Amino acid sequence: MVDETAQTIRRFIETQLQAEELSDDEDLVDAGYVNSLFAIQLVLFVERQFRISVQDGDLDLANFRSISAITGFVRRKQSSDSSAGQSDDSSGP
Amino acid sequence: MTIQKVGVIGAGVIGAGVAQDVATAGHEVVLLDISADILARAEQSIRTGLRTQRLLQKSRALEPTIVITGRIQPTTDLALLSTVEFVIENVTEKWETKQRLYQSIDAICPDNCIFAANTSTIPITRIASATKREPLVIGVHFMNPPPLKSVVEVILGNHTSRDTLDRTKLFLSTLGKESVLVNDGPGFVANRILMLTINEAIRVFHEGVASVEAIDKIFKSCFGHKMGPLETADLIGLDTVLYSIEVLEESFGDSKYEPCPLLKTMVHDGLLGRKSGQGFYDYDANELQSAGNS
Chain Y
6 MVDETAQTIR RFIETQLQAE ELSDDEDLVD AGYVNSLFAI QLVLFVERQF RISVQDGDLD
66 LANFRSISAI TGFVRRKQSS DSSAGQSDDS SGP
Chain D
50 MTIQKVGVIG AGVIGAGVAQ DVATAGHEVV LLDISADILA RAEQSIRTGL RTQRLLQKSR
110 ALEPTIVITG RIQPTTDLAL LSTVEFVIEN VTEKWETKQR LYQSIDAICP DNCIFAANTS
170 TIPITRIASA TKREPLVIGV HFMNPPPLKS VVEVILGNHT SRDTLDRTKL FLSTLGKESV
230 LVNDGPGFVA NRILMLTINE AIRVFHEGVA SVEAIDKIFK SCFGHKMGPL ETADLIGLDT
290 VLYSIEVLEE SFGDSKYEPC PLLKTMVHDG LLGRKSGQGF YDYDANELQS AGNS
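Same order as they appear, the protein sequences are chains Y and D. Counting in our numbering, the first sequence runs without a single skipped number right up to 98 at its last residue. Counting in our numbering, the second sequence runs without a single skipped number right up to 343 at its last residue.
Here chain Y stands alone, though its shape is the one from the complex (with noise of 0.2 Å):
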């Protein structure tokens, strides 16, 4: 089954940095991907795309390093999110 999450994510980091068939878990921050531009670029991304709201105490490096890493927040966020009944949240701060 094709990972609708990581998919979508794959396509905007790939698209965003010119680059192509970047692994799940290479390293963006490692790699030197990943510049202050670029990683508020991709907060502000997985809030719009995916209608999850980024708190500040999410805002950690190590959520957001690798795609595997944006998916798994990604699966948290919305899981919390429908769990505390939350679905319909999409403002972005």
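One or more of the hints may lead you astray.
To be verified - Below 35 Å or equal to it, Euclidean Cα-Cα: the simulated DSBU-like pairs (lysine-lysine) are:
{"no.": "1", "chain 1": "D", "residue 1": "K181", "chain 2": "D", "residue 2": "K218"}
{"no.": "2", "chain 1": "D", "residue 1": "K198", "chain 2": "Y", "residue 2": "K82"}
{"no.": "3", "chain 1": "D", "residue 1": "K198", "chain 2": "D", "residue 2": "K143"}
{"no.": "4", "chain 1": "D", "residue 1": "K275", "chain 2": "Y", "residue 2": "K82"}
Unchecked claim - Distance ranges between label pairs, derived from CB positions:
{"no.": "5", "chain 1": "Y", "residue 1": "D8", "chain 2": "D", "residue 2": "M276", "range": "28 to 36 Å"}
{"no.": "6", "chain 1": "Y", "residue 1": "G62", "chain 2": "D", "residue 2": "T246", "range": "39 to 47 Å"}
{"no.": "7", "chain 1": "D", "residue 1": "A263", "chain 2": "Y", "residue 2": "S28", "range": "22 to 30 Å"}
{"no.": "8", "chain 1": "D", "residue 1": "L219", "chain 2": "Y", "residue 2": "D8", "range": "52 to 60 Å"}
{"no.": "9", "chain 1": "Y", "residue 1": "S28", "chain 2": "D", "residue 2": "K266", "range": "15 to 23 Å"}
{"no.": "10", "chain 1": "Y", "residue 1": "Q23", "chain 2": "D", "residue 2": "T141", "range": "27 to 35 Å"}
None of these hints come from the bench; they were simulated from the model. Just so we're clear, the structure is a prediction, and the values are computed from it rather than from any experiment. The C-beta atom is built at its ideal place from N, Cα and C for all residues, glycine as well.
Given the coordinates of chain Y, work out where chain D should sit on it, guided by the hints.
Same frame as chain Y, now just chain D:
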């Protein structure tokens, strides 16, 4: 005597970043601009900037956003500068604009208030001449984005006093900034060299020698720069790049600083880089409002 209240004049790309940095360090900030729209954009970009800072800086625990932004008083009223102890000026890189501003604030600010010009290229001694407090005028050139850059270029004008330098360095140390001291001259060190490099990179692209991506990649991959010259130009804003190179050309009277025609055309057409959504690269329009200054 430590500085508590700071005036930040000009709330554009750099001014907003400076205000964020100063407020994060615990100082009260009067953030001044001529336009309420620019101030509103600055507030948004400061909030995004604080998120970026939270994301990247693990060592220093940041106070809650609302506490930091609560220290910033955005205003269009120059009179609010009557109680500040230190001014950081970040207005448009045009002499006439700066001259008028410095004459106005000289009459409003307390007599012992330091004026720090965060200018890209205009000599500090010339700026000081617009005031009656020449010993209190100094250059402090913040790098972009200010909250993430720990070194500033500090420029001594011909009349800058030792006390002004000491107080400025002390203030900058409260922001966690290290000062690199240089003497006065158009463009100082950073921009005299950087603007020439950017202008030449634009010429190389304009002449069809290499693509935008190839030019930037050479600087990043071969020289280990974090960004190439054209990405940097988009970050600074192509209008600021053009005004800066024009000041250098006028100041040195040297044709090596003549702006590339493509740079002039892009600025004329409103292609200003990140802040307008398009420059040498295209930027996602949805990111603009919030990511432009981070």
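To see whether the hints hold, each was checked on the structure:
1. K181(D) x K218(D): Cα-Cα ~22 Å, so holds.
2. K198(D) x K82(Y): 32 Å, holds
3. K198(D) x K143(D): 25 Å, holds
4. K275(D) x K82(Y): Within the cut-off at roughly 32 Å; holds.
5. D8(Y) x M276(D): 28 to 36 Å: 32 Å, holds
6. G62(Y) x T246(D): 39 to 47 Å: Check passed, 41 Å falls within 39 to 47 Å.
7. A263(D) x S28(Y): 22 to 30 Å: 25 Å, holds
8. L219(D) x D8(Y): 52 to 60 Å: 54 Å, holds
9. S28(Y) x K266(D): 15 to 23 Å: For S28(Y) and K266(D) the Cβ distance comes to about 21 Å; the hint holds.
10. Q23(Y) x T141(D): 27 to 35 Å: 33 Å, holds
Comparing the model with each numbered hint stated earlier shows that all of them hold.
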